[in-house]
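Residue numbers (the numbering used here), protein chains in the order written: chain A, 16 to 357; chain B, 7 to 351; chain C, 736 to 1053.
Don't take every hint at face value.
Partner residues are not named here, just some residues of chain C that face chain A (Cβ under 7 Å, in silico) [as the list claims (entries may be wrong)]: (1) L896; (2) Q944; (3) D945; (4) A949; (5) M952; (6) G954; (7) A955; (8) G958; (9) W962; (10) H964; (11) P967.
By construction, these hints were calculated from the structure, which means they are not laboratory data.
Values in this document were obtained by computation on a predicted structure and should not be read as measured data.
Where is the CB? At the ideal position from N, CA and C, for every residue including glycine.
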Amino acid sequence: MTAPASPAKVRGETVLAVDELVKHFPITQGVLFKRQIGAVRAVDGVSFELRRGETLGVVGESGCGKSTLARLLMRLETPTAGRATLEGRDLFRASGGELRRLRRNMQMVMQDPYTSLNPRMTVGDIVGEPFAIHPDAAPKGSRRQRVQELLDVVGLNPEHVNRYPHQFSGGQRQRIGIARALALRPEIIVCDEPVSALDVSIQAQVINLLAQLQDEFGLSYIFIAHDLSVVRHICDRVAVMYLGRIVEIGTEEQIYRRATHPYTQALLSAVPVPDPAARDRRTIIRLSGDVPSPADPPSGCRFRTRCWKAEEVCAVQDPQTVPRAADPHPSACHFAEVRPDV
Amino acid sequence: MTESAVRPTPASPTPPEGHLLEVRDLHVEFRTREGVARVINGVTYHLDAGETLAVLGESGSGKSVTAQAIMGILDTPPAYVRSGEIRYRGRDLLTRSEEERRQVRGTEIAMIFQDALSALNPVFPVGWQIGESLRQRAGLSRADARRRTVELMDLVRIPAAATRLGDYPHQFSGGMRQRVMIAMALALDPKVLIADEPTTALDVTVQAQIMDLLADLRRDLGMALILITHDLGVVAGVADRIAVMYAGRIVEHADVRSLYRAPAHPYTKGLLESIPRLDVRGQALSTIPGLPPNLMRIPPGCPFHPRCLYAQQVCVDEVPHDLVLGDGRTSACHFAQEVHDDRAR
Amino acid sequence: MSDFETVAATEDQSARRGVSGEPGTPDRAGRPGRSRSLAGDAWRDLRRNPVFWLSLLLVLLVAAMAVAPGLFTANDPRDCVLSRQHAGPSGGAIFGYDFQGCDTFARAVYGARASLLVGAFSAVITGVIALVVGMLAGFFGGWVDAVLSRVIDIVLGIPLLLAAIVLLKRVSTSGETVRLFAVILVLALLGWTTAARVVRSSVITAREQDYVAAARMLGAGDGRIMWRHILPNALAPAIVVLTIALGSFIAAEATLSFLGIGLKAPTISWGIDIDAGRVHMRESATPLIVPSVFLALTVLAFIMLGDAVRDAFDPKLR
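Bound-form chain A, shown alone (with noise of 0.2 Å):
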């Protein structure tokens, strides 16, 4: 690693810290003078903390924020409100070459493999292109080189710098798009559902070279998805969102086994499990209803309207994600206890 961080890496360490981050988009009419008439809470005062090392899962249905959540911290979008602290410095105040620099610590995996690279680039100039924005990074006649180094290590012939990205399948396209996280040698990257894109005997290529970088760059990851099962598999501590908010956060042991928020549990048990023998085991929570709107959020727990637990005290106030009594990890439950059966 040749990173311009900080000289001592520890393991274990906080690398990312983030506070209290709020993100309003705001809802307007009118055409010529535009007046807002209310927003969507799209991230709504989150905290957590990431560890060098470490992946922390974010989960939670479409509309919860976590890739919102994942922007932000990519700085492509402006938060409303909140801080964040990356290698000590500030990552929302930070701008022009303080942001650049900023920017080499953290990167982003996305989502589709078919948009997120360009399709008139060849995968040499895509994978080459951090260099070319950070001179510094690599010296010029070292580039090539250097870029046929990372396909290599995502897996794909380094014969194939010519080729464009329609000449690749999704898989090898995601791999693409890690090999150009990974140029620069961040100490953060930010996988935003990398595998929903791909099929079921890709995925888990996908999944085991993310698993091995990790491993060999010592990297951190904020792996953001949908898929339960995938982070269960990747991650050590999880972090679930539920309408702009972290509802409950906790190693993996404590969100798979002694998940204490009903939604949480909701969404466990709602996962299919590919054994038809477990589905007699299981004790499945339906959960009525959708989501509520996000520019419309309910008053006090925002779970209520859809909580088979729900009573008088959460429609008034608002709990708040700290350690409970039945499991010391934060939930935001006010009746937060752990169900065996789940």
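Once you have looked at the hints, place chains B and C on chain A.
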């Protein structure tokens, strides 16, 4: 149906215990500028009244094309049925006129698609769309069609159905749109429902609701269901039997429990081992190496042999026939027994 | 992106969630529909399109006339002898002579140069303006887009003939070359709007693509993103529109010259000759018909060529 009963051809009697729907040795090819892609290469499966058959496969395996052939909605060109039979209640649909096939579509066999948003017309209210076939084909009056539409929407558990008749598709959530589409498919009371990836575009919790709904409807209405999917998890929950497709062929066919317990085809086995499981946290996932074949250049012999761990010379030389294992299972693998026993051990 | 894509897409959505993409890989299975590039696909389509070949042949023919008119006729179009007035075909003059006693065919051949110069230069200038305006409006959006879009609306609202009369009045006494470029400039300044709108919308489409976000995340600046990522993807539709525009610029030049506000003698132009032929139509129609047919075929050729290329590049039309 009376017509088929008097037809003397021995090939098409309607045996009382005959299958409701039967696909026999179907071959479909796509003729394109680059050449001929053999998309379906001898698919055979059947469906009995009231049962659920899952057709499992990845992109390009031909699972959806088979369903389109059954429905008679293949895009021709480029798709052409080269040979084969699709028998519904003993009569071959492929030899019938377009007009006759249209009669079967909707009233006997109906289909729902993955993308409910694009399958619904954005400029008409959903009530009108569900009622359309009731008015046009069942000949119901406006008032009757409206009443039946509300019943159908209740049936698929759309809350406050009567008040939502006038709403447009974009005013519904993804799960609700899928329900609207199911209601449309059920309007003419079909005997067979083909669901093509019905829950793929939906969130996990909504997915579970829709699968429950389909299972309940099948039971309550006595329909037969063909569930086309790539998701091994979804299949495990609802299907009675599974047909696994690869490169336009059915490589394995078995009842759900025995297939998951001991797959008898290396492809099925590879798929089962490569998916991460919620209830098991493992290390590196085992993978199926390589990529599915180009359908214009399907490898000789067994199409799976370049990716197969069991492959021998015979797999390159000979196309494997369906090997019948116990309890009516078949596997198109020269080493089906070995694969099966490997898992059992 | 064949007809095939539909089926491939249905199969595919299981994994791809309805996202659209470039066609893919030759060594990829089960997706025979995506084994080609957009450009390769377009070329394959064009190659078997007779309209494309016919229009291309005509365009090349006219271009050859413009570059080397001597190859097509041995006669001098300015060698006019009144005694040959409306004389029938003789020697190289296959269509006979006009009112002034000039070779009708030779004049039509030599007229190609002015038409093509006007068409080509107007199209190039139009292209530059359209790319700059469309790129800025599409890329930056917001008030930049609002202002530029209004400018486009205003220019679109100016009547071509009226503006041309006003602007070309100033050069009515100037020499041949100045007049030629004045006409080019007027046509370009009034004709860039459609192309700018096309560029703007394709820039907006490209800007929203994931690969642009990916470049941003790497720290790429606006300049790099516009030049490397957006321009190459917005260029193809612009070229198609400009090919079609080239045809209409040639027609517009002829119109202006016909009305006496465009090019003037001694410049040889189809518009001027059509005007002259019209006056003496009753005595001999050939001097009117020949340049008219040349003009019509040339304009048609460019429009058909642009159309064929656009259809080939637009997968939705297949």
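Which of the numbered hints above does this structure break?
-> 1, 8, 9
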